[in-house]
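Student: The primary structure of each chain is shown beneath.
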Amino acid sequence: MFKKTYDWIDERLGITPIWRDIADHDVPAHVNPANKMSAFVYCFGGLTFLIIVTQILSGMFLAMYYVPDIVNAYRSVQYITDEVLLGQIVRGMHFWGASLVIIMMFLHMLRVFFTGSYKAPREMNWVVGVLIFFVVMGFGFTGYLLPWDQKAYWATAVGAQIAESVPWIGKYIKTVLIGGDVLGALTLTRFFAIHVFFLPAGLLGLLGLHFIMIRKQGIAGPL
Amino acid sequence: MSDKNGKQGLSRRQFLSYALGGTGAFMAATIAAPLVPFAIDPLTRTSGGGFADSGLKESDVKSDFPTMVDFKVHRKDGWIEENVKMRAWLIKDESGKIMAMSPICTHLGCQVAGTVDGNGNPKPSEDGEWWFHCPCHGGRYTIYGINDKAKPPQRPLDLYEVKVEGGKIMLGAISQRKA
Ligand code: HEM
Ligand code: FES
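Just so you know, the sequences run in chain order P and E.
Mapped onto full-length UniProt numbering, the consecutive letters of the first sequence carry residue numbers 1 to 223.
Mapped onto full-length UniProt numbering, the consecutive letters of the second sequence carry residue numbers 1 to 179.
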């Protein structure tokens, strides 16, 4: 049944070469944990990606109930946690996943660093990696404000003051960041938009570049 | 299946792709398992069910024409709870039983108007038959909310559940009547 459907589509569109080109390639011996257990460190990039996928999914579902407005945000989050079916689990996925992404990304970066994989010809991918790092930090910073509870509010107040401490232009950075001179309604809508529209677009673009470069250059050789 | 030697069984490649596919499917299922119930949570919620005081007494309801009443119903809309304004038209049917009709047209949901004079007091139907008129597509109904089959609405006006408590009329859930 599945095979028949697949063949029918393949006959018309020739999809086999496309997915072969994306997915079907050899795993070098030195990155295969089946050969040497310690090669599991090469899985951290893929694990980071897996968690990013679950973040995107759980985030899409949370957005069914969440409202980015200072009157309703807290209550909508409370509603998700206390009333929606498995709401605590879905919110928990997004909450714990947020920390896990950063942990996995960091382990991945350490792997790349200690295997020297950032060296020529892979310098550009390291640079893209650093940009990804900042985008992921941005997710954390903007997402933290969204529940609009005390912790969220004051953490962002601190973050805004750190931004303000930049010499000369700090004041302007802060105003643009929080969308005015009070940390309030405009900050919440701004952070929400950044968290769910701007950063995902940026992240997906950067990940695309990251993966294209890996396919072009292959995984760095053994030490 | 048979391999090159004609032996029965799974080939290595098949076994691996099943194992990989199975693991992948399991992982996808773990992620989807909480997300799907989360999304269909609205199906687990019942709407209202409680009765609200209409503000009318049993003796306020006539049997010649419907009487209009506006009342408040407590509604829970996600995390927002409020008292929303509702309207009903009440009349005693031929057997003296109180029926409370919803003014929401059964065609596409406009609000039907009763036949009333300048002071809002009910008066006889102008054509002797149709008493409620819908402003949207000409739907019309008798004093008992029975629809004119020649017009767009294909079922009578919906009814509130009616309960009389110490002479006070309490109105509950709305239900449809058969066409
Ligand atoms: C969201 C975060 C990231 C994801 C999903 C991701 C994903 C991946 C994946 C799947 C690989 C293939 C090899 C492996 O899995 O170890 C890889 C390789 C690589 N990553 Fe990342 N990465 C991320 C962040 C970073 C960061 C923060 C850096 C460095 C600052 C970085 C630098 C590199 C480099 C240089 C390679 C090539 C390594 C080699 O060829 O051996 N990545 N990345
Ligand atoms: S909505 Fe009343 S006639 Fe169409």
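In case anyone wonders, no lab produced these hints; they're calculated from the structure.
Please note: incorrect hints may appear among the correct ones.
Chain P residues, not near chain E, derived (Cβ > 10 Å throughout) [as the list claims (entries may be wrong)]:
1) Arg12
2) Leu57
3) Arg122
4) Phe141
5) Leu206
Result set (SDA-like, lysine to any residue): computed pairs, CA atoms no more than 20 Å apart in a straight line [what the hints assert, rightly or not]:
6) E:Lys76 / P:Asn72
7) E:Lys168 / E:Lys76
8) E:Lys76 / P:Thr81
Derived CB-CB ranges, DEER-like [to be verified]:
9) E:Arg45 / P:Ile103: 53 to 61 Å
10) E:Arg45 / P:Thr189: 25 to 33 Å
11) P:Gln161 / E:Arg13: 53 to 61 Å
12) E:Lys168 / P:Ala157: 49 to 57 Å
13) E:Ala179 / P:Glu11: 47 to 55 Å
14) P:Gln150 / E:Val164: 18 to 26 Å
15) P:Met64 / E:Pro124: 47 to 55 Å
16) E:Lys178 / P:Gln150: 53 to 61 Å
17) E:Gln176 / P:Met64: 43 to 51 Å
18) P:Ile70 / E:Leu10: 54 to 62 Å
Even for Gly, the Cβ is constructed at its ideal location relative to N, Cα and C.
Student: Return the numbers of the hints above that this structure violates; sort them in rising order.
Tutor: Structure breaks hints 2, 7, 9, 14, 17.
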